[in-house]
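**Q** Top to bottom, those sequences are chains G and A.
Residue 126 in this note's numbering sits at position 126 of the first sequence, and the numbers go up by one each step.
Residue 236 in this note's numbering sits at position 236 of the second sequence, and the numbers go up by one each step.
None of these hints come from the bench; they were simulated from the model.
Just so you know, not all the hints are guaranteed correct.
Claimed, not checked - With a straight-line Cα cutoff of 30 angstroms, these simulated DSS-like cross-link-like pairs (lysine-lysine) come out:
id, chain 1, residue 1, chain 2, residue 2
1, A, Lys63, G, Lys319
2, A, Lys426, G, Lys77
3, G, Lys75, A, Lys426
4, A, Lys319, G, Lys364
5, G, Lys40, A, Lys303
6, A, Lys293, A, Lys303
7, A, Lys303, A, Lys319
8, G, Lys77, G, Lys63
9, G, Lys426, A, Lys293
10, G, Lys319, A, Lys319
11, G, Lys364, A, Lys162
Number of protein chains: 2
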Amino acid sequence: MSETQTNHRQTSGYRGISSELLNEAKANVGDQLKIQDGEKIYDGILIPRTELGDEHVIVIKLKSGYNAGVRVTEKTKIEITGKGGKPSFARPSVPPWREGLPRVAVISTGGTIASRVDYRTGSVEPALTAEDLYSVVPELSQIAQVTTDILYSEFSENLTTKHWSEIASKVWDYYQKGMQGVVICHGTDTMGYTGAALSFALQNLPIPVVLVGSQRSSDRPSSDAATNLIGAVSIAATSSISEVIIVMHEKTSDDYLVIHRANRARKCHTSTRDAFRSINSAPLARYNVNEKKMELLDESARKRGQSSNSALKPGFDGKVALIKFYPNMDPDVISWYVDQGVRGLVIEGTGLGHVSRYCYDSLKRAIEKGTVVGMTSQCIWGRVNMNVYYTGRDLLALGVLPLEDMIPETALVKMMWAFGQTADAKGVSELMLSNIAGEISSRRTRTAGEM
Amino acid sequence: MSETQTNHRQTSGYRGISSELLNEAKANVGDQLKIQDGEKIYDGILIPRTELGDEHVIVIKLKSGYNAGVRVTEKTKIEITGKGGKPSFARPSVPPWREGLPRVAVISTGGTIASRVDYRTGSVEPALTAEDLYSVVPELSQIAQVTTDILYSEFSENLTTKHWSEIASKVWDYYQKGMQGVVICHGTDTMGYTGAALSFALQNLPIPVVLVGSQRSSDRPSSDAATNLIGAVSIAATSSISEVIIVMHEKTSDDYLVIHRANRARKCHTSTRDAFRSINSAPLARYNVNEKKMELLDESARKRGQSSNSALKPGFDGKVALIKFYPNMDPDVISWYVDQGVRGLVIEGTGLGHVSRYCYDSLKRAIEKGTVVGMTSQCIWGRVNMNVYYTGRDLLALGVLPLEDMIPETALVKMMWAFGQTADAKGVSELMLSNIAGEISSRRTRTAGEM
């Protein structure tokens with residue numbers, strides 16, 4: 001838990017004019033307010049404010065479930081239309097284990113799925129422990145003997161390579177202890193990055209490693225938290241797949257979940273429940289929520305129980321940068337990164353893998369200094385092909401690596417992982433061009449030699 | 001035309017062992033070769049090599065139309081299986097204008113659609129002028145009185161704000177001269193960026209401004225060049241829409257083209273012909289290629305002939321940077337950009353518009369120094385909403401602007417344009433949050449005040 005987050009929960013955070021108006025109205029966090037400013041009227045529950053906030057803004061939770069900031073002046077009128085109750089969250093008792101069920105570890109790292117809603121304020125707090133989850137979703141006890149573990153309570157945008165290493169090691173421990181599957185509750189913002197990291201750090205495990213998240217917190221009628229968690233535990237307990245996977249809604253309806261190979265998956269929508277998509281490959285499987293059955297979509301998915309060559313390789317070196325190219329990009333940013341000691345660069349080029357010729361000198365210098373430079377495409381879908389145009393061939397000639405059909409995010413994570421395995425640029429380049437965990441497809445039209 | 005490109009066309013570029021092998025075989029560029037290395041045999045037409053190239057690689061054009069680099073050693077055997085002919089491209093005569101047809105200007109900037117294929121080598125050269133295009137596609141003379149104009153011969157990854165200004169001014173000139181529509185042939189790599197730029201620089205024109213490109217050069221059976229160009233000229237000549245639009249294949253088949261509002265469109269696939277997608281909005285219209293008819297999909301599209309408030313605003317200030325956030329991103333890159341004199345930053349955050357808290361200090365410093373910082377989402381689809389989580393509220397409190405549902409590329413271009421209109425950060429912020437040319441949708445659930 002970050003200090004900032006802890007602070008937020010201990011004070012309403014209002015100051016200046018906002019604080020005066022709220023004091024005058026005797027309003028507390030959690031109260032239902034009517035805020036009138038001239039002809040405009042806003043109704044909602046008062047929620048705490050960040051200390052950094054503009055003192056002219058009061059934040060309320062609207063009926064829709066969304067929060068809104070209302071700009072106030074000295075003339076604004078505030079009226080209490082309902083008093084907030086006391087916090088209503090009380091943890092139910094933990095259900096007992098049932099004999100004979102598979103054993104599954106549920107690791108909580110934070111994010112919306114692991115959020116406790118403060119029912120008083122409607123504010124989403126990253127505080128639900130795995131144990132809370134288990135209690136709140138008692139269906140889990142019908143599916144597996146669940147061991148819960150609170151690793152972090154972080155919004156996923158704050159996770160780094162350090163966390164990836166720790167999560168990988170934790171999963172490895174549970175595998176060694178005989179768990180039939182491991183579930184990781186994770187914020188959706190960077191779930192794709194963490195999933196890719198685990199796919200490289202946890203190689204050839206004979207059990208599924210399931211990342212699961214939620215796009216809507218459990219205080220909203222449309223929440224996907226319980227459905228996703230139940231599905232994830234069920235898949236971890238019984239599925240025939242033993243890869244690192246991401247389980248989320250397949251469509252906006254609750255009927256199906258979809259199982260993505262984690263290093264192929266990408267959050268493609270800010271808010272819908274089916275935000276994740278498999279890129280450049282079909283999802284591995286679909287899970288029928290009502291029938292509790294999995295339908296395999298990709299026969300090449302690694303099967304449960306194959307335990308040869310299982311390995312934990314948790315090293316990451318975060319000194320790798322992602323640069324998205326755009327018109328007028330200052331090529332000096334490439335040199336700046338190199339001078340900062342960055343060891344690898346993943347470029348999100350345009351189209352088949354291009355940048356402007358104004359970048360050539362900086363790239364040449366970077367590569368001469370031993371930096372590994374890989375090319376991906378900001379198109380997201382498709383494969384880089386740097387043999388078609390002069391730009392691509394020039395970049396290949398400079399030593400830029402064409403990273404096939406890896407998505408940029410996975411390419412970045414993989415390069416961080418590769419530098420965690422070897423300090424040697426040549427070794428890293430070889431790893432980058434090898435298919436380690438299904439992150440690269442073979443070319444459909446592969447016809448001739450390498451370049 | 002860049003020097004590099006010119007050089008490439010004048011020499012085969014091979015050196016070292018490649019050159020020796022080719023000399024030994026008496027092979028010239030354009031010859032059909034059989035290259036045998038151990039058990040591997042490659043067949044294709046020899047094409048010129050970049051001077052920067054690895055001397056162990058010979059590039060051939062395969063039957064599939066793709067180029068491939070073949071690694072050679074001293075033991076490699078090369079055999080000529082067919083001699084290359086002389087260049088077969090001869091420009092047909094320009095067809096005469098037909099009375100009574102609408103007048104359309106076709107501006108050529110380069111890219112695959114404006115590429116002349118060197119039939120001798122199969123290499124794609126950005127050398128086809130608008131006049132060549134007109135001659136090669138004589139159908140155009142049935143549709144409009146076409147005026148052609150070669151502005152550049154550039155791969156689009158090399159275009160910058162300077163080019164955007166010049167293209168906008170050129171279009172404005174043709175509008176003033178009474179053209180019923182203007183077509184811009186453009187490389188697809190950055191067509192979305194240029195399209196967004198024109199949508200801000202050319203306001204409320206009463207005629208359509210059509211960007212068109214091609215994903216497959218005209219030497220390939222699957223080329224979309226002619227279909228797209230004929231469609232673009234037809235739409236420029238007669239369509240009821242008068243916005244800045246992108247016209248490309250709707251699907252992989254040739255039956256329909258799709259008309260995107262340019263500032264909503266994004267190249268989403270490296271190679272398919274239907275690579276462009278409208279993001280966060282439906283396409284404006286569909287064009288039936290066989291029936292030569294347009295079907296309007298968005299009634300809100302600006303209609304042809306509305307000439308009030310038409311304006312040319314071609315100023316851009318390129319000192320704006322795009323930063324895609326990722327785990328372990330060095331927050332100092334933000335400060336580096338600010339110290340380089342960058343006036344605005346567009347962040348591609350995660351999810352609803354987040355970055356790690358490790359970035360707060362750098363962002364605070366940037367904003368205190370007067371840098372305008374806008375937030376978009378790397379999800380691409382959806383809208384940022386920075387009121388839901390503490391991270392978002394913290395960023396709002398720091399002064400980060402939530403850029404609604406603008407795609408990051410359009411937000412970047414718009415900020416470059418905004419700084420071309422006013423030096424004042426407040427003025428730029430206001431422009432960024434205003435819907436100038438359909439680049440922002442109103443919220444479906446808009447309910448309360450601003451933040």
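**Q** Which constraints among the numbered hints does this structure fail? Numbers only, ascending.
**A** 1, 5, 7 and 9
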